[in-house]
Amino acid sequence: MTASHKKSFHKKIISILKDILNVLKIEFQTMFKDRGVVIMLVLAPLAYPILYCSLYKNETLIDVPLAAVDCSQSPQSRELLRHIDANQNVAIVSKYSTLAEAKQAYNEKRVHGVVYIPADFNKKLNTGDQTTVSIYCDISSFMYYRIINQACSNCVLAMSNQIQINRLNATGITGESAKIVANPIPYNGVVLYNESAGFASFLMPAILILIIQQTLFLGIGMITGTSREENRFHVLVSSSVHRGGTVRVIIGKSICYFIMFAAWSFYILELVPRIFNLPHIGIPFDVMMLMVPFLLATVFFSMSVSVFLPNRETGLVIFMFMSLILLFLSGVSWPQSNINGFWRAFAWMFPATCGVQGYIKINTLGADLRHVSFEYVSLWLQSIVYFATTCWAYYWQIKKSANRVRSVKDKVI
Amino acid sequence: MASRPIYFISTVLIMAFCYVFFLTFFNEGQPNKMPIGVVDLDNSSLSRQFTRNLEATQQAEIVMRLNSHKEAREEMQRGNIYAFVEIKRHFATDAITNRRPAITFYINDGYLIAGSLVSKGITYMSAATSIGMERKILRAKGIDESRIKGIIQPIVLDTHLIGNPWANYGTYLLNVILPGILQLMVLMMTAFPIGVEYKERTSREWLENSGNSMFAALTGKLLPYTFIFTIIGVIGNVLLYKYMHYPLNSSIGWMFLATFFLVIASQAIGVLFIGITPVLRDGVTFAGLFGTLGVTFAGSTFPVEQMPTGTRILSDLFPIHHYFNIYVDQALNGIEIHYSFISYMIMLSFLILPFFVFNRLKNAAISQNYPIK
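Sequence order for the protein chains is A and B.
Sequential numbering of the first sequence, starting at 1, is according to the working numbering.
Sequential numbering of the second sequence, starting at 1001, is according to the working numbering.
Read the hints as simulated data drawn from the structure, not as lab findings.
Among the hints, erroneous ones may be present.
Partial list, computed: chain A residues near chain B (C-beta under 10 angstroms) [to be verified]:
1. V42
2. L46
3. C152
4. T174
5. G175
6. I180
7. P186
8. N194
9. F276
10. V332
11. L365
Straight-line Cα separation of at most 20 angstroms, SDA-like style, residue types lysine to any residue; simulated pairs [said to hold, decoys possible]:
12. K1136(B) x Q1049(B)
13. K1120(B) x K95(A)
14. K1033(B) x I283(A)
15. K1070(B) x I283(A)
16. K1136(B) x I165(A)
17. K1088(B) x A158(A)
18. K124(A) x N149(A)
19. K124(A) x E1145(B)
20. K1149(B) x A158(A)
21. K1141(B) x T1159(B)
22. K1136(B) x P186(A)
23. K179(A) x P1308(B)
24. K1149(B) x K95(A)
25. K1120(B) x I283(A)
26. K103(A) x I1337(B)
27. K95(A) x E108(A)
28. K179(A) x E195(A)
29. K1033(B) x R1078(B)
30. K95(A) x N58(A)
31. K109(A) x H1338(B)
Glycine is no exception: its CB is placed at the ideal position from the N, C-alpha and C atoms.
Let the hints inform the model, and build the full structure from the sequences given.
The following block contains the structure:
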């Protein structure tokens, strides 16, 4: 290669970098001049995690009010009710003599469940028969049902086990052998990763990732919609004639979004979980490594789609509801294994799906990067594909707007 | 209204998509046969019998057999299984020689719903195994069959779920999510068409065409949306209660009425938002942020009364919260209508809100002094 060649090559690199930097600068300027964009890209990602974390701050339910209908009125029935009341998750707030009265209290929303002890409870316990305790649970929220059922069945089981031993003793099986007969194969369940079965610990990680994707997406949609509305697309190509200008614009813009959201990601995914005591057993480095392709995929995905938004508000109106759809598609509440093939494939197109799964696995379950290779590779694949679609979409849009400008000029002449 | 695709998309198309999405997504009712793993270090006929029993549970399906605890834990971290059961070496011999071998299972509650359902299935099967063993021992000891039942399980807990006896997940979620999305779309499609008049500087003509009456202008503008969204909402009710046969313990008419009130109450809030700032993008942003919060504040995912103080008052500002209360009272519990009277009334009272911003909207419509972007 001759010296002059080398020099021109250098020049070219410098000109490319200059272009990219220029786009980056313009993008940052337009962003901070626009109040709506600042709300979406700065305020929302900073405030939303705090808002949601505060709403879901209580991991579990405390003292869910229950009514008791004790038809037995015996020492045993009172003991059982006392034990249930002692559970921190529920509280027996009122006692009634009939189920009808308890139902009245339930209808008036004074209680969320009823414990019913039949009249022959005591008699059956004394004669060695089997007896039944009934509970009625509010299921308007699954949390009520889970908590009430769990608290009552623990107490009933504990009492039942004690009676079992007594009855075995009565048949002449005593001591250690009574224990063995009562429970020949003990079992114990160990809850991992979310020991207290907390609601926030389970749902918030998914919401955090969705906040990143949705604010980025809607923010970029707003910026692009505005430039389309004002027909400034061509302006962004610093020297619109030369080849490769489109790619420079795209790289410049995406660096701008990427830098900004890399910082937000650290705040949202590493600081917020520590502040609000959500699970955070993952290695922060691995989380950030996952975020690189996640943010790139999200940026390019957003840029590709946003080109089709004719106005600045369109994206907001049309895509806001997707936040809810994406929460279910991510497979955190309804398990991924039970989502049918079509919706799974549909879900896979959105970076948030792999983002949520990858983040939960690393941060909540303590996996490392090699355990989430599927998500990691998928996100890189998405980055590449969406980069290509962005190039195509921008190229098409720039050409279209350039043509429009030319035809206007022609008309003027 | 028919001029731009956004109007059609955000009224009819999005709601239609949501109906199709959620009804096909939750058609199972409850997630069944979720993947779990087994670490069977004993590999005896007894341990194999136990794993076969596990296969029979409704909630779990054994998808992998693993050789060690570490391997199983890694599969769990990869998200391939929601739980695994560990059976120690000498399980069978210990059981026969009365050494009480323990079965341990590990549950991934990072995925709370999958975790707790799988846990329920495994617990049930483990208890059944233990009880089966106990029955065998008692019989061998010659205890009378009539007394065995009372010894094995002296107290049975009988759990009734009020209104949704099969604990159908779709029932529980869709009754809130679909109206929640309806509220979101109504909010935005109130702020948007009004805001557009200001943004495109056509607000003066709009007002003049209505004889300079803001009330007439707003009514004329919003009535078509009231009509369309109510129809869509009612279709949603019919889909849930008639097509999916979700619990409906009172007349469907009360749900239709609640849906209609949800639409008009949301419209009133939409007008308030665009009235506070007659700037299209601000109005739409507020409407959107408020709308997405609605599902949280409805109170079905996490009960509102267990949220931090203050949230309860906040939740009253969301029409969907009152809709949810009506749904619980009427569709789910089927109690007398007078209990829901107050919820209907609160929804109606939202209609006062637009009157606070009439003057603002009118002045802005005439002077057109707000920024357009």
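Results of checking the hints against the structure:
| no. | hint | verdict |
| --- | --- | --- |
| 1 | V42 | violated (13 angstroms) |
| 2 | L46 | violated (14 angstroms) |
| 3 | C152 | holds (6 angstroms) |
| 4 | T174 | violated (13 angstroms) |
| 5 | G175 | violated (12 angstroms) |
| 6 | I180 | holds (5 angstroms) |
| 7 | P186 | holds (5 angstroms) |
| 8 | N194 | holds (4 angstroms) |
| 9 | F276 | violated (12 angstroms) |
| 10 | V332 | holds (6 angstroms) |
| 11 | L365 | holds (5 angstroms) |
| 12 | K1136(B) x Q1049(B) | holds (15 angstroms) |
| 13 | K1120(B) x K95(A) | violated (30 angstroms) |
| 14 | K1033(B) x I283(A) | violated (32 angstroms) |
| 15 | K1070(B) x I283(A) | holds (19 angstroms) |
| 16 | K1136(B) x I165(A) | holds (17 angstroms) |
| 17 | K1088(B) x A158(A) | violated (26 angstroms) |
| 18 | K124(A) x N149(A) | violated (23 angstroms) |
| 19 | K124(A) x E1145(B) | holds (17 angstroms) |
| 20 | K1149(B) x A158(A) | holds (17 angstroms) |
| 21 | K1141(B) x T1159(B) | violated (33 angstroms) |
| 22 | K1136(B) x P186(A) | holds (16 angstroms) |
| 23 | K179(A) x P1308(B) | violated (45 angstroms) |
| 24 | K1149(B) x K95(A) | violated (30 angstroms) |
| 25 | K1120(B) x I283(A) | violated (31 angstroms) |
| 26 | K103(A) x I1337(B) | holds (15 angstroms) |
| 27 | K95(A) x E108(A) | holds (15 angstroms) |
| 28 | K179(A) x E195(A) | violated (28 angstroms) |
| 29 | K1033(B) x R1078(B) | holds (18 angstroms) |
| 30 | K95(A) x N58(A) | violated (28 angstroms) |
| 31 | K109(A) x H1338(B) | holds (14 angstroms) |
When the structure is compared with the earlier hints, violations turn up for hints 1, 2, 4, 5, 9, 13, 14, 17, 18, 21, 23, 24, 25, 28, 30 and for no others.
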